[in-house]
Amino acid sequence: MRSCARNLGIPRRSLTVAVLLATLVFGATFVVLGAVPHRADASTSALPRAVSNTEVHPLLNTSLTNAQGSFVDVAMGHLDEPLNTFWQLFYLPNGKSNWTLVTPPGVASNGGLVMAANERNALVVGFRPSNFLTYSPVSITDDGGHVWSVTALPDGLLDRNDALALGGDGEIAALIDGYGPEVMTSNGSASTWRSLVSQESLSKSPNANRCGIKDLTGVTFSEESDVVVGASCARPGVVGIFEETGSSWDLIGPSLSSKSAHNDVEVLDFAPVGAVTAALFAESGPLGTSLVSAWQKTGGTWGTSPPLSLRPSTTVTSVGPDGEGGFFVLVSDGSSKPTLELYRPGGASWERLASPPQGTKTVVFIAATRSIESITVNGDNFGCWVLNAQENTWGERQRLIVPIQYGSSS
Amino acid sequence: MSGMGVPLQTNNPVIVSAFKSSLLHQSLVVLAILALLAVAWIFLRSAQLERASKGDLIDKVASVSPEPVARRVLRIGFGLIWIFDGILQGQSSMPLGLVPQVIQPTEAGSPHWLQSLVNSGVGVWSNHPIEAAVSAVWIQVGIGVWLLVAPRGRLSRLGGLASCGWGVIVWIFGESLGGILAPGLSWMFGAPGAAVFYFVAGALLALPEGAWAKRVLGRAVLCSMGLFFVGMAVLQAWPANGFWHGHVHTASGTAVGPLVSMAQSMAATPQPSFLSRMVLDFGTLDDAHGFAVNLVVVVVLGAIGIALFSNKPAVIRWAILATVVICIADWVLIEDFGFLGGLGTDPNSMIPMALFTCSGYFAYAHAHETVVARTKTPGLFAPGFLRRVNPTYALRALAAFGAIVVVVLGAAPMAVASLNNQADPIIANATDGTPDVVDMPAPNFSLIDQNGHVVTLKSLRGKIVALTFLDPVCTADCPVIAQEFRQTDGLLGGNRRRVELLAVVANPIDRSLVFTNAFDRQEGLDRLGNWLYLTGSVPQLTQVWDSFGVQVSIEPAGAMIAHSDIAYVIDSAGTTRFINNADPGPGTTVSQSSFSGELTSEIEQLLR
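Here the protein sequences line up with chains A and B, keeping their order. So the first sequence is numbered by numbering that gives the first Met the number 0: it starts at 0 and just counts up by one. So the second sequence is numbered by numbering that gives the first Met the number 0: it starts at 0 and just counts up by one.
It is possible that part of the hints are untrue.
Pulled a few chain B residues facing chain A out of the computed Cβ check, cut under 10 Å [stated by the list, open to error]: (1) F400; (2) D470; (3) V472; (4) V479; (5) D509; (6) F518; (7) R520; (8) Q521; (9) D525; (10) I553; (11) G557; (12) G586; (13) E603.
Rather than coming from a laboratory, the hints here were simulated on the basis of the structure. Where a beta carbon is used, it is the ideal one built from N, C-alpha and C, also for glycine.
Whole structure, please, built from the sequences with the hints as guidance.
Below is the structure:
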């Protein structure tokens, strides 16, 4: 140090102070730089919307039935690789015991399939966008997937079970992501589409401020073939169900009890069955998350189920209609077997059925045979298990290898 | 159809062959320069000897004082390192490997602004990998030779300046500032990067020779390095950096610490087994005794740093010795010799760091021995140069001049290439092979365009037609090919009026106008005036596919339609002239730009 000072011609004391200061600044800089924490992993930054660690947004794995038969929609393949995850559609005609693969051909299904049926046995399937495809092709069948007619939406379907709805006259309602969430409807042949309502315009409808729409979450048709839109509300205690009434929109969701006044509510699923419109919604509040099933009675009033409380750190993996105006809910807590809960309109409580087998992605309530089937998936293996109501056990009925074309989407 | 998303392998034969060929070509140019210099030298010596025989030579041997030892160490050391780096740049996987294997890993974690800056350089390298890689070889070899052959005078100082300039470029674009702005900074992993020492050493070599006659220069170097080592010791000791533990227990089990992780990854790279064993053993040692290992490192770094501030030569000597020892230990046990772990571009930071610190010591200890050269060397073009110049100086000056020419010849192609934002067509060739040049009539067809109008190929006579086959609901290749066509339209400029860009639907199911229009909107093709997306009935389409050799098949279980990726270029008389495999390969902006460049070039050939 002394020599530095001498050589540089600077007073020794000044140099000592300068060197000490420089050391401090230098050290502090490196300490700060080195102490910067590593960036959070991308996967952690995209945390699912959840309350109390409970994930209530089910995947598109679901089922539905119409008078002809039943359909299930499940993800298969390498589920940890988006381009090697292929969503598949299976069909079980009434009176048959084996499911068949009926995924509409021609389009990569990596983004997910959204399906809807009507009482006239038609089924519409929409392909969610994936990779470089940004709009959604749509396939329609009325013979259980033997013959498909095709069309396309101008933009991509939202990642919701009820992003599509099929009216009795063949009219389709679709919830897409154009310039924000937007509902489009087709003519009967689905060759042309018109914008029915966007989230922005719905928010401006007369009583929408009671909800304070955060998101549009699904569409369905009412008994009168009017479009019904589900939403999540920013205002607590309000169920965001809107119905088209002429040129306007009415908030028609059920009123909740005072216990739910402080809960955030989000409509998860619709289940139109005959003249009944049923809805499943999630309530999240300080005490946790619960699911409520609701059904519209004659005259427009609603009945609601008792809440199904979800334990922390559980995930709702599949929801769907039970064919009688109620809903099933498949809940996983990370253990090997999920929990299957069922609520039917008028019931006193949710009913817990026998735990479905490991690998169950969804279940199907087949009204024609009153049987309950579990659909398991493991890679390209599809399995079907049937609940034996007397013994309360599941028995395997069918196993199927699906010819997944790995690598075809990359 | 396959290939999308799969990056080009770094040993792609087309690129490797072009790189070697370009290197060979430029080697011949360098040899020619050497030959010219040899001739010049022979001519010079003959002239001198002839004049000497006539008693006309004034300065037979000019007395030249020796170069300061510190400067000599720095110059020769960094000259050799530059040459070594240049040789490493000649590795065959360098053109395609530098960006993914060297630059991108180092820029990860750096601030966004730095990543943007680095990416601007990455763009130049990615678009012109051959020119860039060859340039890097000759620039670095040239600077190395320049430093070695020019010991004194302006040429030598200029060499230092060149080292300084290129060192900065490498430090910024190749090393992302040595990772000093990224988390996890550690001396053990090579912070602050090797190139920063090339830069500083170059700056010292560019100083006037008088600077080496004063101890202050050596002290400045030693004090700077002292400060650096103290800072690195603090960082090494900082608990949040995790060097105190060989492994840590987490909720999901045990995870290895950063040093063990580094050792494991270095040992996993291809190298002789005894070397990987050595690195792995050190990792095992740190895993078992993480605290002790880090304590030694922190204490040694701190002690060296403090000792370098001392004015006692004996203390400094020990510090220098410790510096050399710990640098070599780190170089062998952690840096894996710098160039063995993956695609090496330099011997990493430890050797330059040790060399730089040693030269600081020599500058401090031997400053009093330095005699500033007083002899004025005549300029190359000065009158009487032939008579007055020292033969050794003349030889070195000629060699330095040759090295400068090599550097300039190396830098020129890269400088020119950097002005062109369009990727070289060789990338498309590497992905798809070279296009077939043919001369055969294109089969006519009649289909309808996206507006519902009938279009026949014959109706387009008089225009050049670029034709491809696209599935409107394809999620992978087709959107990329569509963008390549769109870029081609942009590259054609005013010539686009004479060109029709055509696609025929390659999907027997989703083939209606609803789909072609949706695809056009998705890809922004609906805004192009010369774009036609044609479709028809299944029999009509099948006939067109068959006549153009396009395979289309429906795949089961949620897979998209499989079809050939192919692009035809048809001249104005309806004759097919080029057939391109249009597989978009990695589908990056570089590969897209390369293919559109190739397509544009073919079209322009037919427009002439």
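Quick rundown of the hints versus the structure:
1. F400: Violated, because the Cβ-Cβ distance from F400/B to chain A comes to roughly 37 Å (cut-off 10 Å).
2. D470: Where the cut-off is 10 Å and the nearest Cβ of chain A is about 8 Å from D470/B, the hint holds.
3. V472: The hint holds - V472/B has a Cβ within 10 Å of chain A, the shortest such distance being about 5 Å.
4. V479: holds, 7 Å
5. D509: Since chain A brings a Cβ to about 5 Å from D509/B, closer than 10 Å, the hint holds.
6. F518: holds, 8 Å
7. R520: Holds - the Cβ of R520/B comes within 10 Å of chain A, reaching about 7 Å at its closest.
8. Q521: Hint holds; Q521/B Cβ to chain A Cβ min 5 Å, cut 10 Å.
9. D525: Since the shortest Cβ distance to chain A is 12 Å, the answer is violated.
10. I553: holds, 5 Å
11. G557: Status holds, d = 3 Å.
12. G586: Holds, about 8 Å.
13. E603: violated, 28 Å
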